[in-house]
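2 protein chains.
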Amino acid sequence: MVAALSAQSPAPRALAGFSDSGAAAQLAREKTFDASLQRGNLQQWLKRLSAKPHHLGSPAGKEVAEFVAARFQSWGYQVEIETFYPLFPTPKLRKLEMTSPDKFVAKLEEPVLEEDSTSGVRQDQLPVYNAYSVDGNVTGQLVYVNYGLPGDYDALAERGIDVKGKIVIARYGNSWRGIKPKVAAEHGAIGCLIYSDPHEDGYFVGDAYPKGGFRSASGAQRGSVLDMPLYPGDPLTPGIGATKDAPRLTKEKAESITKIPVLPISYEDAMPLLKALGGPVAPRGFRGALPLTYHLGPGPATVHLQLEFDWKLTPAYDVIARLPGGELGDEWVIRGNHHDGWVFGASDPLSGLVPMMEEARAVGELAKAGWKPKRSIIYTVWDGEEPMLLGSTEWAETHAAELRKHAVAYVNSDDNGRGFVELAGSHTLEHFINEAAGDVNDPEKNVSAQARRRAIGTVMGRKEKGDLALGALGSGSDFTPFLQHLGIATLSIGFGGEDASGGVYHSIYDSYDHFVKFDDPDFQYAVALAQLGGRATMRLAEADTLPVRFDGFVRAVKGYVDELTKLADKMRADTAESNQLLADHVRELVSDPHDRYVAPAPKDPVPFLSFAPLQNAIAELERSSTAFNEKEKALRGPLPLESRKALDQILMNTERVLLREEGLPRRPWFRHQIYAPGFYTGYGVKTIPGVREAIEERRWSEAEQQIPIAAAVLKAFAGQIDAATKVLGAAK
Amino acid sequence: MVAALSAQSPAPRALAGFSDSGAAAQLAREKTFDASLQRGNLQQWLKRLSAKPHHLGSPAGKEVAEFVAARFQSWGYQVEIETFYPLFPTPKLRKLEMTSPDKFVAKLEEPVLEEDSTSGVRQDQLPVYNAYSVDGNVTGQLVYVNYGLPGDYDALAERGIDVKGKIVIARYGNSWRGIKPKVAAEHGAIGCLIYSDPHEDGYFVGDAYPKGGFRSASGAQRGSVLDMPLYPGDPLTPGIGATKDAPRLTKEKAESITKIPVLPISYEDAMPLLKALGGPVAPRGFRGALPLTYHLGPGPATVHLQLEFDWKLTPAYDVIARLPGGELGDEWVIRGNHHDGWVFGASDPLSGLVPMMEEARAVGELAKAGWKPKRSIIYTVWDGEEPMLLGSTEWAETHAAELRKHAVAYVNSDDNGRGFVELAGSHTLEHFINEAAGDVNDPEKNVSAQARRRAIGTVMGRKEKGDLALGALGSGSDFTPFLQHLGIATLSIGFGGEDASGGVYHSIYDSYDHFVKFDDPDFQYAVALAQLGGRATMRLAEADTLPVRFDGFVRAVKGYVDELTKLADKMRADTAESNQLLADHVRELVSDPHDRYVAPAPKDPVPFLSFAPLQNAIAELERSSTAFNEKEKALRGPLPLESRKALDQILMNTERVLLREEGLPRRPWFRHQIYAPGFYTGYGVKTIPGVREAIEERRWSEAEQQIPIAAAVLKAFAGQIDAATKVLGAAK
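In order, the protein sequence lines correspond to chains A and B.
Residue numbers are given in our numbering: position 319 of the first sequence equals residue 321, and the series is strictly consecutive.
Residue numbers are given in our numbering: position 434 of the second sequence equals residue 436, and the series is strictly consecutive.
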């Protein structure tokens, strides 16, 4: 009986967007695809491309673009290198010294390590700096501001400490780095240092490089501090492509450049400064893992910070490789990863790039063997991601009109490592990418990548049945212009969590030697990423209709609205309570008279907000989504091509209608009303940002204005679902 | 009108246990008492008594006892020095060295500091050691076990690490120190080191001594590791007084002595050992504030630990000073503080002792001026508290029969510092001590000590109206034999939270110099303690009837029962969940194959326990307590002496009936069924310990047995309330 049962052919495997026969053919195609993936390519390309510093504007950066372009060409793609000319500052002078109470000059250098062969390749190495810091020459007393976030300054103010006219030192972590100088400047600081505390990034986490993979005493983190949450891309050409002749702002008018000079340093350089701070002992949450008592200052440590940069327009080379589609060739599936690093960039970005190359090679082989995907596939390899998504943003801005018309999805990867699959993006693609992750084997365990991800979720207390919830996207990689400026459904994919790539993030030690020792030694997860990226790209390109589903989106948005109502309620209760404590002088009673305590001003009470428009929109979404599902389930047989074209247009539009042309308050470049990088978190997402940030920042009337705006896009989304349902109903 | 109103005499101030006129007289007496307190005495005594090492058995220890006795004599007390002869080991040989991979010999010494004048008084200094470690000479690989608690060994086992035949190194903190070698021995370790990690005790907390008050690199914490939760006091005479001729166990039969050698070390001595550990990186909760990556081992660090002690019977000098009472002179109010230190002991215990002396001096003056308290007052000054409550335990055991008959309450203090009043003890005295704390001024803020305590509770999220809840007592000072062995209602009082006494706890730097710089520079809180202790003692002695109330007790016990039911429910759910994770191999899926993971055995499921007897007992307590309150409220006029005597006997008995002669399971010395030190927490209390520990340690049938036992003492308590109500009803 058992034998008889298993001898029966299995029920046909369903695949979102595919007919049964289409699914079977696609699954067979993926077998061929998997079989052609070669680890040797991954290893060789990673080693080759990480041999020299290949940041934006470097000789090797151009070579990398040309090498990649040549490969794509050889695999049968229509390739072009598209060049943009963004402003990109590189250091001319970096000087940091303590002038009192002791003399100390910061080294600002990552030394050569015998165990790390490329660390000795000094030519063209960009030194440690923060791109888009203004030039500056400042001297002032130092104040330690913890992570440098608004709440940290509140804690300082309660201790009577003001940073006006001072230089602040913040530790990396708990927010994107660019927030730190922005908030420091808002509070009147004249300079900003950011150091890597070993508590977040060093020996507290694991053994330091080269013994282990984590950041060493002199390791430091380069990185952009452009005010990305305002707008990413070239600071001189917001909203338009930085082509050769584009109209440009002057540097002085570019609002995304910092207001004060800022420099990242290692903990070895930070220690003497922190040790020389007096003033109160830092509150518990401010203390890191250095062997010292953290004090807040101000002073007596006084530092002199001098920074000068070479501000020049720098060519960015984007590689664009097309594989034209068939019957739905006007619909574009875009897959991308950047190619520029801060220095050698073995992990960031090459560990993501080389799997995408191998994926593209295998796709190219399938095409050479006769497969023509229904939709067009465009592989994009971006330059200048590190300075702030320059290549992707300028390309997306340049081609905005076409993209809005043709792009059905953008699938991004970036650095990739050993561990768990990481899935984030547009919730309309939640089911789709879950299906793909369920079909990729985790190379360390005999289960799917999805199953292993589910397991760690379970351990962490999330019990997810069915599809795993996608993370919402803030920023931090090239998906931002596609999702948040153009409204193209987006996915971000990768693996990680067991590697130590974070320990050399944006350092010269992000090298081949580090990668094969501490990240993905056997390139197993590089293969897994190629498999996942390949499935996502091919399925998006080949599906009969776009594999968009609405359940995940509705669930996610309903959750966000629920969070917003709870946020307002909690702030109302907390405000009432903290105002009551102030009125009762409770903290004055508790405070130690040996320390200084300055009572904050009472906060304005939190009004009740009218969330009804959002709640009604959710109800409408639920009705529309249910109707669509029922109609789809009832569908028998394939749709005719014209219906599929019409349906795809509508499905593509669901993400588009989540934009609003005016953008978010005070940052028109960001148009998406559901996902945005936080104005005070950076990479960290704010969902329904217009409403959420208005509440968080206590702009009550703005919150009242933003609620119907967010509700309107959700209603428009529901309208698109209804239109799609209509197409399904019309077909039969 | 306002003037007229305020000109009226105020309503008479109520005071628990007092008639209106008695209360007025007592409040007037306290004004005189307060006026006679002299800061100069506090400062001079503290300086004098901390000039030399005065541990148990030291020449200066005897001098301290004699000095104190002479003072009490001069203040009009009937004084005797009562001597006991407990076993007390002192070091003959202490050797700790790393034999591989590197050679390192631990210094085991706290150096002389110029800024700390007594640190140079080397004669008679007890070196750094743990009293009641067995002798031993062991060599083994080292394993880092975090705080050394049972859960830490579970975490090690999951990583495939066994301590059998190994030497463990644990950090101080998160439990009383004696738990660490006990649990290590239970797991088969052959030796135990305990070091002071700066995360709990050093630069992470605040500036190290002498710059600040916190523990320095070579500072180490002496302390007893006697298995106090089994029984405190002389290990050779459990349950009976260690008089000269008492029958004694041999040392080998004394179960409270450790099973393995144990030594405390500074972080300076610990660093080379921790640095030489290999094996997995320690899990996050294991990591301290040293500048290294914490590894678990075992080895390669191999250490040799050799300890030899001089085991001798050592005279302990208790000072007992009596002030006989009047009409209720058979009822004894006992007030106590110890006089022995580990070395100079300025904070521990002198900061508590000298205020008690000044309190006694002022009480003596009142007596000389003609006041004769209704009840007798006994001031007790204990020797040998540090080795483990030797003086108090032996005295309480010796005088058990009298104490059970006469003692109405014991009020303990120990080290005292700057900050917030700390109130703990029998909940029948909750209202009483709240009243007293409400009448003592906080010296830093213009409010009562109670009000300031309430304020910090509010900040920490406890919103308490009316009386502040008393903490329940575990152990850690001389109250233990009175409360938990004899069932005498007990209070523990003191101030702290703003001082840095913890930074020199049990170190040679617990000195006068440290105290006047970092603890209570102006002796303000020493005066406050004298005021609070004086009020507690005088009011207990002078009240018409004992100021016992039941509301606080009923509320507390109801809370404990509620905790127990929730504990069982939570363990049941957690067990089911963790067993399910095991069955599903979830952690195996999540685990990093580069690390070792050993799945634990599934746990036995948690049965439903019959809590009804406890719940019914609570209901009975509530009824009885309400009836008592009503009757008391209805009372008009004072009770006759005989009724008051009868009532006091019953009220005294309420705490006695909470004992059970058989004691707690496996530790018969501990008889109290509501409060006990935790078998695996030490000083930390376990309330309703018979039931709670049975549940926590998964002994389900014992839990079922202990529930009715605990219920029975609560019912007996309710019976005493009813008896008290009857006395009130009979009077009229």
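Incorrect hints may have been included.
Because identical chains share one entry, a pair is satisfied inside a single copy or across any pair of copies.
[Said to hold, decoys possible] In the DSS-like style, the derived pairs of lysine-lysine whose C-alpha atoms are separated by at most 30 Å in a straight line are:
id, residue 1, residue 2
1, K246, K94
2, K635, K572
3, K97, K49
4, K568, K465
5, K728, K605
6, K166, K213
7, K166, K277
8, K572, K465
9, K374, K213
10, K633, K467
11, K407, K255
12, K465, K374
13, K519, K277
14, K467, K605
15, K105, K447
For the record, the hints were derived by calculation from the structure and aren't laboratory data.
Hint by hint, here is what the structure shows:
1. K246 x K94: within (25 Å within a copy, 85 Å between copies)
2. K635 x K572: Cα proximity of K635 and K572: none, with 41 Å in one copy and 43 Å across.
3. K97 x K49: neither (34 Å within a copy, 53 Å between copies)
4. K568 x K465: both (22 Å within a copy, 23 Å between copies)
5. K728 x K605: The answer is neither: 51 Å in one copy and 56 Å across copies each exceed 30 Å.
6. K166 x K213: Between copies only: 29 Å across chains, 42 Å inside a chain, cut-off 30 Å.
7. K166 x K277: within (21 Å within a copy, 42 Å between copies)
8. K572 x K465: Close inside one copy (25 Å) and across copies (18 Å); limit 30 Å.
9. K374 x K213: neither (49 Å within a copy, 75 Å between copies)
10. K633 x K467: Result: close within a single copy only, 24 Å intra versus 61 Å inter.
11. K407 x K255: neither (32 Å within a copy, 88 Å between copies)
12. K465 x K374: So K465 and K374 fail the 30 Å test inside a copy (40 Å) and across (70 Å) alike.
13. K519 x K277: between (34 Å within a copy, 22 Å between copies)
14. K467 x K605: This pair counts as between: shortest inter-copy Cα distance 25 Å, intra-copy 42 Å.
15. K105 x K447: neither (54 Å within a copy, 42 Å between copies)
The structure fails hints 2, 3, 5, 9, 11, 12, 15 (numbered hints given earlier, in ascending order).
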